[in-house]
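Student: These are the residues of each chain, in order.
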Amino acid sequence: MTDRPRAIDCAEVMERLYEYLDGELTTERSDEVKAHLQDCAPCTALSSFETTYIRFLEARTRTRNAPEELKKRILEEMLFPQDDS
Amino acid sequence: MSDHKQRSFEEEALPHLDAVYRVALRLSGNETQAEDLTQETMLKAYRAWSQYREGTNARAWLLTILRNTFINEYRRTRRMGPTVDVTEVESFTVFRDVQEVDPEGRFFDDIVDDEVLRAIDALPEEFRETLVLSDVEGLPYAEIAKITEVPVGTVKSRLFRARQALQAQLYDYAVEMGYIKKREAAE
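Each protein sequence line maps, in turn, to chains A and B. In this text, residue positions in the first sequence follow our numbering: the first is 1, and each later residue adds one. In this text, residue positions in the second sequence follow our numbering: the first is 1, and each later residue adds one.
Calculated directly from the structure, the hints in this document are not laboratory data. Don't be surprised by glycine CBs; every beta carbon is placed ideally from N, CA and C. Misleading hints may appear alongside valid ones.
Stated by the list, open to error - Cβ pair distances, simulated, as ranges:
no. : chain 1 : residue 1 : chain 2 : residue 2 : range
1   : A       : 72        : B       : 153       : 41 to 47 angstroms
2   : B       : 68        : A       : 3         : 20 to 26 angstroms
3   : A       : 69        : B       : 68        : 23 to 29 angstroms
4   : B       : 4         : A       : 69        : 23 to 29 angstroms
Can you build the whole structure from these sequences, using the hints too?
Tutor: Shown next as structure tokens:
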């Protein structure tokens, strides 16, 4: 028995890339992708490009919060519910 | 309402108000509706708080209420803008196009926030909601599957296509704005 991860090809890496980057793979599957990336420059380049893209999406979209006015309105309505029936 | 109920709602549910608002904004496509939708969701959740089991996943519970409220009461009034065809999407074509000139994806930095949101809004609804729950709110696939009532495999494929379609949109925009040069067709 060996602890080396099963060798997978570029197509399989591409298929699993997002799951890998999202931390959705089992340790075993994740290790297979990681091992492939260590030896494959094109897949590593793709992986870092997609990482940049996902971080960019997060950074540009997570900044908006609910307006303070809305928060206040909800709290008031919780404390003093109006009869809307 | 008992003090205990109110306190536990304030501790467990209210911290997710911003997340509810952000998802509402992307589902409805406008701020006024997003505010109404958020308010309605939070008040429905408050009234039904006794059905929530403390210490389980309040965020998923709230987002499920939000989604159902949107589908049942708001969807009909959503303005229908142009939507992107996600079925045409091929895998990793943007990277193939930019790998020689900008493999690090620096062109993304030039794209303004509003354009990112506009491009997200142009995705078909089921793809948009999957992408928003994943990339805006950072939810794991299993949680997204539960909220959107589809198998995890469907979440995976929707997310893949949504991200690729969005990336292609943003790339086209960047080319149009002159942030990056489009690669000349080979051969």
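Student: Determine for every hint whether it applies to the structure shown.
Tutor: Here is how each hint holds up against the structure:
1. A:72 x B:153: 41 to 47 angstroms: 42 angstroms Cβ-Cβ, so the 41 to 47 angstroms window holds.
2. B:68 x A:3: 20 to 26 angstroms: Violated, since residue 68 (chain B) and residue 3 (chain A) (Cβ atoms, about 47 angstroms apart) do not stay within the stated range.
3. A:69 x B:68: 23 to 29 angstroms: holds (25 angstroms)
4. B:4 x A:69: 23 to 29 angstroms: Given about 28 angstroms between the Cβ atoms, the range holds.
Hint 2 from the list above is the single one not met by this structure.
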